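Going line by line, the protein sequences match chains A and B. Number 166 in full-length UniProt numbering belongs to position 166 of the first sequence; there are no gaps in the numbering. Number 259 in full-length UniProt numbering belongs to position 259 of the second sequence; there are no gaps in the numbering.
No lab work stands behind these hints, which were simulated from the structure alone. Mixed in with the good hints there might be a few duds.
[To be verified] Here are the computed distance ranges between Cβ atoms for each label pair:
#1 B/W224 <-> A/K30: 22 to 30 Å
#2 B/K277 <-> A/R146: 39 to 47 Å
#3 B/R270 <-> A/E225: 52 to 60 Å
#4 B/P281 <-> A/M237: 50 to 58 Å
#5 B/L73 <-> A/E10: 30 to 38 Å
#6 A/G144 <-> B/K287: 19 to 27 Å
#7 B/T132 <-> A/A299: 39 to 47 Å
#8 A/G290 <-> B/L213: 32 to 40 Å
In this text, all values refer to a predicted model and were calculated from it rather than measured experimentally. The beta-carbon is built from N, C-alpha and C at its ideal position, and this holds for glycine as well.
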Amino acid sequence: MKPAHYAVPEIPDSLLYRGFEAIVGGYWTKAAYRSWRRRKPLGRIDRDLHVRVSRVDQEGDDVKAIWFEREDPSTGSGRRGSADLPVWDPGAHVDVVLPSGRLRQYSLNSDPDDLSAYRISVRLIEPTAGGGGGSVEAHYLGVGDRLVLKGPRNAFPFVDSPAGYLFVAGGIGITPILPMLRDVVRRGVPYEFVYTGRSRDTMPFLEEIRTIVGDHEVQLWPDDEFGTPDAAKIISMAPEGAALYCCGPMPMIDAIRAQIPDPQIDRLHYERFSPPPVLGGRPFRVRLEGSGSEVEVGAEESALTAVRRIRPAQAYSCQQGFCGTCRVRVLEGEVEHRDHALAEYEREGHMILCVSRARGTVVIDG
Amino acid sequence: MSKIGKESKESRRGHEPAKVALHPRNVKFDWSRLPLVWIPGEVFASHYINVLHLLLPEGERWFVKVFSEILPLIEDDQLREDVIGFIGQEGVHAAAHQEVQDYFTDNGLDVRPFAAEIEALFRKILGERDLTGRAKEEWLIERAAIIAGLEHLTAVLGNWVLNSPALDEAGADETMLDLLRWHGAEEVEHRNVAYDVFQHVDGRYLRRVRSYLLGGTALLVLWWRGAQYLMDHDPTPLESAQPGQAKRSKASLLKLIDAERRGLVPGVVRIGWATWKFFLPGYDPSKEGSTAQAVSYLAKSPAALRADAIAESR
Chain A
1 MKPAHYAVPE IPDSLLYRGF EAIVGGYWTK AAYRSWRRRK PLGRIDRDLH
51 VRVSRVDQEG DDVKAIWFER EDPSTGSGRR GSADLPVWDP GAHVDVVLPS
101 GRLRQYSLNS DPDDLSAYRI SVRLIEPTAG GGGGSVEAHY LGVGDRLVLK
151 GPRNAFPFVD SPAGYLFVAG GIGITPILPM LRDVVRRGVP YEFVYTGRSR
201 DTMPFLEEIR TIVGDHEVQL WPDDEFGTPD AAKIISMAPE GAALYCCGPM
251 PMIDAIRAQI PDPQIDRLHY ERFSPPPVLG GRPFRVRLEG SGSEVEVGAE
301 ESALTAVRRI RPAQAYSCQQ GFCGTCRVRV LEGEVEHRDH ALAEYEREGH
351 MILCVSRARG TVVIDG
Chain B
1 MSKIGKESKE SRRGHEPAKV ALHPRNVKFD WSRLPLVWIP GEVFASHYIN
51 VLHLLLPEGE RWFVKVFSEI LPLIEDDQLR EDVIGFIGQE GVHAAAHQEV
101 QDYFTDNGLD VRPFAAEIEA LFRKILGERD LTGRAKEEWL IERAAIIAGL
151 EHLTAVLGNW VLNSPALDEA GADETMLDLL RWHGAEEVEH RNVAYDVFQH
201 VDGRYLRRVR SYLLGGTALL VLWWRGAQYL MDHDPTPLES AQPGQAKRSK
251 ASLLKLIDAE RRGLVPGVVR IGWATWKFFL PGYDPSKEGS TAQAVSYLAK
301 SPAALRADAI AESR
């Protein structure tokens, strides 16, 4: 078993490695150095999409559907029909920069073949119910408001499945599913659709779904009529060998994930939300050895979030504790490991910032 | 493989999704029953691919390190997001192949001496080399250029393994096939990232080709050396090999040509062809494989589904 800080082996004393070292040290690093001369300067690439709100619809009790059109930032005027928005595929989302500067991701749910406008839908979640304030702000948007979008990007890619699809949407999770429904109806691929929610009033787009699917029977299962949906029953609706596309609240997705593998389902696609909430966290402090700066980690934030405030270049990726990118050396302190990235023998002396926590003050490299 | 681009928007949809946001995926493999020769009766082909378990863990950790360092130079928010996803995927790949490497050593095929060489190569020879200032920055960019070349090859290999029915027909170990295909699918999924990084920070043809020649040559030399090492040190009793392979065999070019002809490994032809394509001035990484196929595999990889189920039962 390797110790946590094993020494890097010396360069082997063989013709091959002496050769590598001679080439890299004698030629390559020097050639690289000379390359700076005609290298183009690094430059900022601006990908901001300037849009204005062109329409706002009320959908059900507490959902607003907000439409955006492109706007030329230089003239400040919307040029209807002349400027298409970038193409996107079902499952794509945009980052919306709200007037306060908050950044929120929302799925696009208009028709991908109509690029004159984008539509997103936002369910109002009051801060007292655990919302972060973004949805409240989005609900205050009115026609004519200007803002910036980033993207679109696709974290829920919709791919071909000749055997058909099972779509599962919970509440506002309908948003990425809508364009997928449009697409399968157009292509004539077999599909089934289960849509759950607290009650019919809280399930947006019921009318629009009816228009899209025509006579096809969809499974509308509001909790107040059908009780809490059962994952096994949902999966039993699938066409044989289907691809399952699922979007909704975390408990619903988790319940479906736990049922797979299932002979009925060939593939499981679900929208990944990261990072997961911090559960049962207590505040602690992180000190960076070297710079000596210190930061307080709040009970509901990760050490990564806190460390990035004082060290913006801190590397990270999955934010769920398995990829190991944000691993740091721990010089002092009591760490409570919550990751899946470190082997037992690495835990002494290392920490995964995105999920692990500590008691008191922990001192890390840097 | 579907041809994209020329067709209408309508018919492309559902086939090749665009602008996919990259995320690392958690995986869980069970190696407890892995045979060292995991393509039954194919000692050479198995070990030729097993070399990946020796090169990739250290190599991909090096990718993570170089790309983490280059991140501050990237002034394009979308590319930054791509790189963050890329780094995470590479980190999970390294850990997954490391498990196999450790399994080899624990099961009588001690690969530590070879792994130590690879470690010295990536951490010392291709490490930071105590450079400062401009020399440090250019060496960082040079290494990013090497990674762009190597990532072309990993995309080619990933595309190959996703379309390698001969391995299924030969009865290859399912867990190993899943590791290779999950990894290959993510390589196909993120095949543009390293090239885009190089284009962003430099983009000159000659630098791209120079670093490919040096990086690719080193890779081929070590790949072959690794195959020889594994063949020489495999403790599997010879009886388990099929009749006709009477004595402990050595790696040979003829075996490679034969195994490639039978579709069991990517060999001289595929890598030569890939190299040719990379040298064309109009090289476009997105043509190497299909995102739709990669995403489809990732949505059914047993290792990914198992990791999901374990995360759920926690």
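How the hints compare with the structure:
1. One distance hint, 22 to 30 Å for the beta-carbon pair B/W224 and A/K30, holds here, with the actual separation near 28 Å.
2. For the pair B/K277 and A/R146, the supplied restraint of 39 to 47 Å holds, since their beta-carbon distance comes to about 45 Å.
3. Evaluation of the 52 to 60 Å hint for B/R270 and A/E225 yields a pass: the beta carbon distance comes to about 58 Å.
4. Roughly 52 Å separates the CB atoms of B/P281 and A/M237, a value that falls within the hinted 50 to 58 Å.
5. The hinted range of 30 to 38 Å is satisfied by B/L73 and A/E10, whose Cβ atoms lie roughly 31 Å apart.
6. Taken as a hint, the range 19 to 27 Å is violated for the pair A/G144 and B/K287, whose Cβ atoms sit roughly 44 Å apart.
7. Roughly 42 Å separates the CB atoms of B/T132 and A/A299, a value that falls within the hinted 39 to 47 Å.
8. Range check, A/G290 to B/L213: Cβ separation about 39 Å, and the 32 to 40 Å hint holds.
Checked against the numbered hints above, the structure breaks only hint 6 and satisfies the rest.
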